[in-house]
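Novice: Throw the hints in and build the complete structure from the sequences for me.
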Amino acid sequence: MFRRGIQRIAIIATFALASTAMAQDDDTALPAIVEAWLAAPHGDYQSPSFTHWNAEGEVPTQCAACHSEPGFIDYLGADGSPAGIVDAPAAINVPIGCASCHTTAAHELDEVTFPSGASVTALGESAVCSVCHQGRASTDTVAARVEGLDEDAVDPELGFINVHYGVAAATLHGASVRGGYQYAGRDYVGRFDHVPSASTCTSCHEPHSTKVATETCLSCHRGVDEITAIRTRHGDFDGDGDTAEGIHGEIETLRTHLGEAIVRYAAEVSDKPVGYSADTFPYFFADTDADGEISPDEAVFPNRYQSWTPRLLKAAYNYQFSKKDPGAYVHNPGYMLQLLHDSLASLAQRIDVEVPSVRR
Numbered sequence: 031m032f033r034r035g036i037q038r039i040a041i042i043a044t045f046a047l048a049s050t051a052m053a054q055d056d057d058t059a060l061p062a063i064v065e066a067w068l069a070a071p072h073g074d075y076q077s078p079s080f081t082h083w084n085a086e087g088e089v090p091t092q093c094a095a096c097h098s099e100p101g102f103i104d105y106l107g108a109d110g111s112p113a114g115i116v117d118a119p120a121a122i123n124v125p126i127g128c129a130s131c132h133t134t135a136a137h138e139l140d141e142v143t144f145p146s147g148a149s150v151t152a153l154g155e156s157a158v159c160s161v162c163h164q165g166r167a168s169t170d171t172v173a174a175r176v177e178g179l180d181e182d183a184v185d186p187e188l189g190f191i192n193v194h195y196g197v198a199a200a201t202l203h204g205a206s207v208r209g210g211y212q213y214a215g216r217d218y219v220g221r222f223d224h225v226p227s228a229s230t231c232t233s234c235h236e237p238h239s240t241k242v243a244t245e246t247c248l249s250c251h252r253g254v255d256e257i258t259a260i261r262t263r264h265g266d267f268d269g270d271g272d273t274a275e276g277i278h279g280e281i282e283t284l285r286t287h288l289g290e291a292i293v294r295y296a297a298e299v300s301d302k303p304v305g306y307s308a309d310t311f312p313y314f315f316a317d318t319d320a321d322g323e324i325s326p327d328e329a330v331f332p333n334r335y336q337s338w339t340p341r342l343l344k345a346a347y348n349y350q351f352s353k354k355d356p357g358a359y360v361h362n363p364g365y366m367l368q369l370l371h372d373s374l375a376s377l378a379q380r381i382d383v384e385v386p387s388v389r390r
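Under the numbering used here, the first residue of the sequence shown is numbered 31, with each subsequent residue one higher.
No lab work stands behind these hints, which were simulated from the structure alone. A quick note: this is a predicted structure, and the numbers were derived from the prediction, not measured. Careful: at least some of the hints might be erroneous.
[Said to hold, decoys possible] Okay, the calculated beta carbon distance ranges per label pair: (1) E323 with G189: 21 to 29 Å; (2) T151 with G271: 37 to 45 Å; (3) P112 with V219: 18 to 26 Å; (4) Q92 with K302: 28 to 36 Å; (5) A69 with L248: 21 to 29 Å; (6) T134 with S387: 49 to 57 Å; (7) V219 with G189: 27 to 35 Å; (8) D321 with C250: 42 to 50 Å; (9) P78 with E290: 13 to 21 Å; (10) G271 with T81: 43 to 51 Å; (11) V219 with A274: 22 to 30 Å; (12) L248 with R216: 29 to 37 Å.
[To be verified] Straight line, CA to CA, 20 Å or less: simulated EDC-like cross-link-like pairs of lysine to aspartate or glutamate: (13) K241 with D217; (14) K241 with E256; (15) K302 with D185; (16) K241 with D382; (17) K241 with E155; (18) K302 with E187; (19) K302 with D321; (20) K302 with D180; (21) K302 with E290; (22) K241 with D255; (23) K302 with E282; (24) K353 with D309; (25) K353 with E323; (26) K302 with D382; (27) K241 with D272; (28) K353 with D255; (29) K302 with D327; (30) K302 with D182.
Ideal Cβ placement from N, Cα and C applies to all residues, glycine included.
Specialist: The structure is reproduced here in structure tokens:
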């Protein structure tokens, strides 16, 4: 009952704030905006994104900026505190709402620093999106962890490095922010520059519902019925001989090949079978019965995979990076293809695995 009361208060506050922001707009627009928000991920009071810390009673400072509206306001400095940091734990069950993005601090935000330390300027209205949709790790994170280690020796001190979730901004800016693991000696594309009418987050995503305006995509990319069939590059990147499929299919198949190579490398080099569970942290687990599947009994933290080599960790990081941006085929297909290809090529230095001849 108490939680429902809090939710009602938050909704009322949302209406009040949005009413002020939209005073000059059609009165019928506000209810539709609020309904769209309530049905979208940012307004989902039941989502683990906002309920994960309920037992603790507060969202910790390292998580609050993206998992609680008060935390985001704190991060922006819209509450009078220093900008760029969260000073205190934030309230639970307060999703990202109107007050997150409709403040002077949010409107003026134009530069965002990514986990690699690289900053991107002139982001405009995409800045507030980029604060949270950038992940929490980078090339630099992985490189620092494996520095000085034998590439193919199991190190019991190594653990999986998770990029976190919703890494669209990191994908979009590519090599400029080093969100994926970029192999030394390889070149990677930077920001994916789409047409001017599709150059910001909200050009393609309705800001309140977050739905993609697919009809806009299809108005330019003729001859296809869905956006996954759009082909922005013309090579056979996954090596299956099909150059008619969408670039989405190229990425999906290449990632499947990488996943298979990760399993093979773990069995042959690390001498410990590994498996992947998409919905359970920390995602990679020991495949105790070597059946190629991770059962619910295996997908538990004590059974997390602990036979990492630097080479395996890098490839697994990129595999996860690709999984955490299902829209990579739109955000920056070239960058994602490069990461997957180079990860596969790295594993192929130690195991027998076919690497597609076309890299980009």
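Novice: It remains to establish, for every hint, whether it holds in the given structure.
Specialist: Evaluation of the provided hints:
no., hint, verdict
1, E323 with G189: 21 to 29 Å, "22 Å, holds"
2, T151 with G271: 37 to 45 Å, "43 Å, holds"
3, P112 with V219: 18 to 26 Å, "35 Å, violated"
4, Q92 with K302: 28 to 36 Å, "31 Å, holds"
5, A69 with L248: 21 to 29 Å, "23 Å, holds"
6, T134 with S387: 49 to 57 Å, "53 Å, holds"
7, V219 with G189: 27 to 35 Å, "30 Å, holds"
8, D321 with C250: 42 to 50 Å, "46 Å, holds"
9, P78 with E290: 13 to 21 Å, "30 Å, violated"
10, G271 with T81: 43 to 51 Å, "46 Å, holds"
11, V219 with A274: 22 to 30 Å, "23 Å, holds"
12, L248 with R216: 29 to 37 Å, "34 Å, holds"
13, K241 with D217, "33 Å, violated"
14, K241 with E256, "14 Å, holds"
15, K302 with D185, "13 Å, holds"
16, K241 with D382, "42 Å, violated"
17, K241 with E155, "17 Å, holds"
18, K302 with E187, "16 Å, holds"
19, K302 with D321, "12 Å, holds"
20, K302 with D180, "18 Å, holds"
21, K302 with E290, "14 Å, holds"
22, K241 with D255, "17 Å, holds"
23, K302 with E282, "26 Å, violated"
24, K353 with D309, "11 Å, holds"
25, K353 with E323, "18 Å, holds"
26, K302 with D382, "17 Å, holds"
27, K241 with D272, "30 Å, violated"
28, K353 with D255, "24 Å, violated"
29, K302 with D327, "17 Å, holds"
30, K302 with D182, "13 Å, holds"
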